[in-house]
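Okay, here's what each chain looks like letter by letter:
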Amino acid sequence: MNNSLERLVDGMAATLRAEVVPHIEGDYARGQAFGVIYMLNSLKLRASWSNAFFSSQLRALEEASHALADLAPDLPDAPLPDVAAPENLPDAVDLQAARDEGDAKMCALIDWLAGHGGERVDAVAKAWAIVDDYIKKQTQYELTTSAKPMFVEMSGGAE
Amino acid sequence: MQEAQGADGAATPAFENADGLAEHLAEYLGRAAGGRVFVDGLTKYPAGFSWRTYGVRLRGFLPADEAILRVGPPYGLFAPYSAIPEFESLSALAESRVPAPRAYLASDDPSILGAPFFLSQKVEGDTPLPWGTQSQKLEGERRQRLAEDFIGALAALHGFDWRATPLRRWGEGVTLENAALRQIDEWEARFRRWALKPHPMAHRALAWLRARAPQAQRLSLVHGDYRLGNFLERDGRITAILDWELVHLGDPIEDLGWAFLPQYRGGTGLVCGLAGEEEFLSRYEAQSGLTVAPQTLKFYIVFSLLKLAFTHMAAARCFEDGLFNDMRMPAMATQIAPVFRQIAKILGASS
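In order, the protein sequence lines correspond to chains L and G. Under the working numbering, the first residue of the first sequence carries the number 1, and numbering increases by one thereafter. Under the working numbering, the first residue of the second sequence carries the number 1, and numbering increases by one thereafter.
Just to be clear, a hint being listed does not mean it is correct.
[Unchecked claim] 30 Å max Cα-Cα, derived DSSO-like pairs, lysine-lysine:
{"hint": "1", "chain 1": "G", "residue 1": "Lys137", "chain 2": "L", "residue 2": "Lys126"}
{"hint": "2", "chain 1": "G", "residue 1": "Lys298", "chain 2": "L", "residue 2": "Lys126"}
{"hint": "3", "chain 1": "G", "residue 1": "Lys298", "chain 2": "L", "residue 2": "Lys136"}
{"hint": "4", "chain 1": "L", "residue 1": "Lys126", "chain 2": "G", "residue 2": "Lys197"}
{"hint": "5", "chain 1": "G", "residue 1": "Lys197", "chain 2": "L", "residue 2": "Lys148"}
{"hint": "6", "chain 1": "L", "residue 1": "Lys148", "chain 2": "G", "residue 2": "Lys122"}
{"hint": "7", "chain 1": "L", "residue 1": "Lys44", "chain 2": "G", "residue 2": "Lys137"}
{"hint": "8", "chain 1": "L", "residue 1": "Lys148", "chain 2": "G", "residue 2": "Lys345"}
{"hint": "9", "chain 1": "L", "residue 1": "Lys44", "chain 2": "L", "residue 2": "Lys137"}
{"hint": "10", "chain 1": "G", "residue 1": "Lys137", "chain 2": "L", "residue 2": "Lys136"}
{"hint": "11", "chain 1": "L", "residue 1": "Lys148", "chain 2": "G", "residue 2": "Lys137"}
{"hint": "12", "chain 1": "L", "residue 1": "Lys137", "chain 2": "G", "residue 2": "Lys345"}
{"hint": "13", "chain 1": "G", "residue 1": "Lys197", "chain 2": "L", "residue 2": "Lys136"}
{"hint": "14", "chain 1": "L", "residue 1": "Lys44", "chain 2": "G", "residue 2": "Lys197"}
{"hint": "15", "chain 1": "L", "residue 1": "Lys137", "chain 2": "G", "residue 2": "Lys137"}
[Unchecked claim] DEER-style ranges, computed between Cβ atoms:
{"hint": "16", "chain 1": "G", "residue 1": "Asp321", "chain 2": "L", "residue 2": "Arg46", "range": "49 to 59 Å"}
{"hint": "17", "chain 1": "G", "residue 1": "Arg163", "chain 2": "L", "residue 2": "Ala84", "range": "51 to 61 Å"}
{"hint": "18", "chain 1": "G", "residue 1": "Gly35", "chain 2": "L", "residue 2": "Met154", "range": "40 to 50 Å"}
{"hint": "19", "chain 1": "L", "residue 1": "Arg46", "chain 2": "G", "residue 2": "Asp235", "range": "26 to 36 Å"}
{"hint": "20", "chain 1": "G", "residue 1": "Gln215", "chain 2": "L", "residue 2": "Val121", "range": "19 to 29 Å"}
No lab work stands behind these hints: they were computed from the structure. Each residue gets a CB set at the ideal place from its N, CA and C atoms; glycine is no exception.
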């Protein structure tokens, strides 16, 4: 999921109100649609992304940081990330910020590695392998927490 | 320009309502033609996330009674827009073998319709889509004829002598050596504008591409979005290639990389649902006179996948910034991870 939960809820409610409700025939069906809008607005006040989702990614970042730390003597000037997963669980906003900060460090390391490919070849290759393993895990988290796409239905307007 | 007032008292640009749009377009066309022009009808087409597209019925406009109007709103997917590249490229291609709509006029002046726009020929035909259902798959002779046209038009575009047209000034600074790197730079700048969070995979892929940027065999006019869904078909023949908003000078193999994406195969395994990879390449090579090196094609497939991921990021950005509430935007954004997985597979297999 790449948008914020609040914005998604706002967008869903606005779309239902502007694009769906005017085309629904019948008071009962329209009432149901307004019920959905109301409950979406209520959910927005209490819901947040799952802590488990961000914690998994932070643990993967921590593992990658430990593995990369072993390469520090061979890559003394590389901006190696030093991400630690928090022991207690703060709220999802803090976890998301920590995940993004960790990913920004990983991006900085990737940019550095890209500019030092011809030096200390073994250590750089090991660092790439750790980075790739982290990216694979991160992508997998995203995929396993995504619903089955409905693009054919969205394009054609029918199930 | 006379502007209407919105509910919040702010001025509403002319393109935001059909009456205002028709009125201002008629005024502009009248001034351009030196006589009265009437806009008798304006139909908004639902297609596309980027430019708004309208069918327009006209009286007093000499080139045609019907035309297509495209307006680039300031909150569109690839905003800010300019209508000029599409207009100039279509004008240059008018006498070529590339089937494309004839360009009538264009302007980036916001005082006319409130946003950049251009008017072009209305070409007859329907648009087969890559995300259609099983029953909409292209088959038999129809598929073979469309494949012939699709590949032939691409070869004709890549062989088009743009240096003999006003497009020659587009060539300033573009070389065989830097064509790929310029595109990487351009899309990286967009990525930095659109991304809502850090994406290590995007940095990884950009590094991979920079280390492998090929030298182009030829500098060609590149469509930039050449695929199933961007052409019109009538009676089993392609009548026009559409959506030239990403047109630029570059390495022609870039268009092949985009056309070869799995996303446009419509579940068939065929390139754009039209031809097998080998058949596509051998026909294209024979008609274009170019050789498609496997590593160059692989480079442009990875580049195209990254472009696609960045386009999904643009959708997330537009939605997050509240520019519109179209739920297809966050839905598109969920496809960043699947595209990254496709890139990772290719990178993993080649490291």
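Compare the distance between the alpha carbons of Lys298 (chain G) and Lys136 (chain L) with 30 Å, and conclude whether the hinted pair is satisfied.
With Cα atoms ~20 Å apart, Lys298 (chain G) and Lys136 (chain L) stay inside 30 Å; holds.
For the hint 49 to 59 Å, verify it against the beta carbon of Asp321 (chain G) and that of Arg46 (chain L).
The hint (49 to 59 Å, Cβ to Cβ) is violated, given that Asp321 (chain G) and Arg46 (chain L) are roughly 25 Å apart.
Does the structure keep Lys197 (chain G) and Lys148 (chain L) at a Cα separation of 30 Å or less?
Given that 30 Å is the threshold and the Cα spacing comes to 23 Å, the pair holds.
Note whether the CB distance of Gly35 (chain G) and Met154 (chain L) lies within 40 to 50 Å or breaks it.
holds, 45 Å
Sort out whether Lys345 (chain G) lies within 30 Å of Lys137 (chain L), counting only the CA atoms.
holds, 13 Å
Can the restraint linking Lys197 (chain G) and Lys136 (chain L) be considered satisfied, given a maximum Cα separation of 30 Å?
holds, 17 Å
Hinted pair, alpha-carbon criterion (30 Å max): Lys148 (chain L), Lys122 (chain G). Please report holds or violated.
Not OK: Lys148 (chain L) and Lys122 (chain G) at ~38 Å, beyond 30 Å, violated.
With a cut-off of 30 Å on the C-alpha distance, tell me whether Lys44 (chain L) and Lys137 (chain G) pass.
violated, 41 Å
Quickly compare the C-alpha distance for Lys298 (chain G) and Lys126 (chain L) to 30 Å and report which way the hint goes.
Between Lys298 (chain G) and Lys126 (chain L) the Cα gap is close to 24 Å, so the pair holds against 30 Å.
Run the distance test for Lys137 (chain G) versus Lys136 (chain L): straight-line Cα separation, threshold 30 Å.
violated, 34 Å
Against the 30 Å threshold, does the CA-CA distance of Lys137 (chain L) and Lys137 (chain G) hold or violate the hint?
Measuring from Cα to Cα gives roughly 36 Å; hence the hint is violated.
Are Lys137 (chain G) and Lys126 (chain L) close enough, with their CA atoms no more than 30 Å apart?
Since the Cα atoms of Lys137 (chain G) and Lys126 (chain L) sit roughly 46 Å apart, the hinted pair is violated (cutoff 30 Å).
In terms of the numbered hints stated before, the structure departs from hints 1, 6, 7, 10, 15, 16, 19, listed from lowest to highest.
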